[in-house]
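Protein chains in written order, with this note's numbering: chain A, -9 to 229; chain B, 25 to 280.
Hints in this document: simulated from the structure, not taken from any laboratory. Yeah, the Cβ is synthetic: ideal placement off N, Cα and C, and Gly gets one too. Some clues are possibly wrong.
Computed footprint of chain B on chain A, listed as stretches where at least three residues anywhere in the stretch have a Cβ under 8 Å from a Cβ of chain B [what the hints assert, rightly or not]:
no., stretch
1, 24 to 34
2, 118 to 130
Residues of chain B clear of chain A, computed beta-carbon distances all greater than 10 Å [what the hints assert, rightly or not]:
no., residue
3, Val84
4, Arg86
5, Ala138
6, Ala146
7, Ala151
8, His167
9, Phe178
10, Arg181
11, Ala219
12, Ala224
13, Glu229
14, Gly246
15, Gly252
16, His258
17, Trp259
18, Leu267
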Amino acid sequence: MDNLAMHISNGIINGPVAAAFGALALAALALCVFRGRQDLDDRLAPMAGLVAAFIFAVQMLNFPIFTGAVSGHLLGGALAAVLVGPWVGALCVAVVLIVQSLIFGDGGVAMLGLNITNMALLGVAVAYLLVALLLRILPRTVTGLAATAFVASVLSVLVASQGFVLQYWLGGTTDVGSSLGGLAGTMAGVHLLIGVGEGLITASTVVTVAKVRPDLVYALRSLRPLPTAHQLPVTGGAR
Amino acid sequence: MGAGHAHVLYRDRTSAVHRLPPEVKIAAMVVFTLAVVATPRDAFWAFGGYLLLVLLVAAVSRVGLAWLASRSLIELPFVVFAFALPFLGTGERVSWLGLELSVDGLYGGWNILAKGTLGVLASLLLAGTTTMRDLILGLDRLHCPQILTQIATFMLRYLDVLVGEARRMRVARISRGDDPRFLWQLRGFAAGVGALFLRAYERGERVYLAMVSRGYQGRMPGAWLATGAATTRHWLVAATVPLAATGIAAAAVVLG
Chain A
-9 MDNLAMHISN GIINGPVAAA FGALALAALA LCVFRGRQDL DDRLAPMAGL
41 VAAFIFAVQM LNFPIFTGAV SGHLLGGALA AVLVGPWVGA LCVAVVLIVQ
91 SLIFGDGGVA MLGLNITNMA LLGVAVAYLL VALLLRILPR TVTGLAATAF
141 VASVLSVLVA SQGFVLQYWL GGTTDVGSSL GGLAGTMAGV HLLIGVGEGL
191 ITASTVVTVA KVRPDLVYAL RSLRPLPTAH QLPVTGGAR
Chain B
25 MGAGHAHVLY RDRTSAVHRL PPEVKIAAMV VFTLAVVATP RDAFWAFGGY
75 LLLVLLVAAV SRVGLAWLAS RSLIELPFVV FAFALPFLGT GERVSWLGLE
125 LSVDGLYGGW NILAKGTLGV LASLLLAGTT TMRDLILGLD RLHCPQILTQ
175 IATFMLRYLD VLVGEARRMR VARISRGDDP RFLWQLRGFA AGVGALFLRA
225 YERGERVYLA MVSRGYQGRM PGAWLATGAA TTRHWLVAAT VPLAATGIAA
275 AAVVLG
């Protein structure tokens, strides 16, 4: 079961718009690959895999929403942004989407560009910008970190859902006329609820990791450089 | 989170489709889907042709029609959206059984239903005949950036770690007097999700270090990459289905 907005299936958005977003996603992912390579060290490589696996797993957990017809799932953009940074984070979400579309048929292959733009690019970018901003404003306490992760999750999910509305407005295969405003409203409402659920899970996960292994949290690296964080030998990630 | 999503879709059979190298299957599936999506929605006969192609491949690969049908239920929510469109759509209306339906909406609903279903069926055929390991190998041979295949490899490896760790934690909770029922077990899960993540990471880190100490440098073992790569014959065999689909799509565009 899947959500309408998040994994766009073949035929919902017309060809030219899908192709344009495909090109956009390809260009952005190329940049992420280029920048991500510099980030990916022996500490981040397993973390990136685990974040991707975690997102893959939680995307299987769906929130049934009232009617039962529409269900939504977690996106994981904020979690990826906090733990592995914007570049590798976007790649993690993109990998999840590519694998899902190739083998589960979850989201059409031809619509991959649209799905990657919404969830991997928009979702992660919004989350990371918010995290970078909030971590500087809010007090550096556990509560501050939890609030940061929560707010970033909620807003990144909302923005990603509105990405679909924008794409539908640009190239929806069926003109729903004035219902587009309704579509935007429904999407926002549903995803506010999803965002709250996602925010709780993200905050809980990030806080636990930050307490025990702060060296693993990418977003905290530049703020609180731990003396041991970068001096360990290559294979010394084990503790 | 059932056990082993990583293998749940693979159908262990021997067939010509199973034996094809993964890279040609991925390419064929992508080209087929693009041809389907490019087809004008009022060329109804074309979609019949595509379905015939899918059924043909399904028969050759022996994955079983019942399996294909039950697995394609993943697109159910989209079907609901497709059935809503005739009511939401604007413009000219027809009445059918006393309902006022939008013509544009009817076409739109059909469009989503047909293209979505064919896309799901095509990817199920790929998943049913290709293991996850081969899938990543195929992406690597198609020159997918190494960082992406690396993340994908770890994702699949760690899915099992995560599921195993979640199961151990659940057993631990139950043995300490927790009584998980339906929705209430979500609370225990939510409270432990951070711990689950951390435990899975530390286990996963050991897996990673074990791989590094055995010579892992970010790519699949050379022996895997070297053997079983696609030959020209493989490409020609696998090209038949997407070529037929492209032919149908071209005919539909020209005639439509």
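Now the hints, each set against the structure:
| no. | hint | in the structure |
| --- | --- | --- |
| 1 | 24 to 34 | holds (count 4) |
| 2 | 118 to 130 | violated (count 0) |
| 3 | Val84 | 19 Å, holds |
| 4 | Arg86 | 18 Å, holds |
| 5 | Ala138 | 7 Å, violated |
| 6 | Ala146 | 7 Å, violated |
| 7 | Ala151 | 4 Å, violated |
| 8 | His167 | 12 Å, holds |
| 9 | Phe178 | 2 Å, violated |
| 10 | Arg181 | 7 Å, violated |
| 11 | Ala219 | 6 Å, violated |
| 12 | Ala224 | 6 Å, violated |
| 13 | Glu229 | 5 Å, violated |
| 14 | Gly246 | 19 Å, holds |
| 15 | Gly252 | 19 Å, holds |
| 16 | His258 | 19 Å, holds |
| 17 | Trp259 | 19 Å, holds |
| 18 | Leu267 | 18 Å, holds |
In this structure, the earlier hints numbered 2, 5, 6, 7, 9, 10, 11, 12 and 13 are contradicted, and the remaining ones agree with it.
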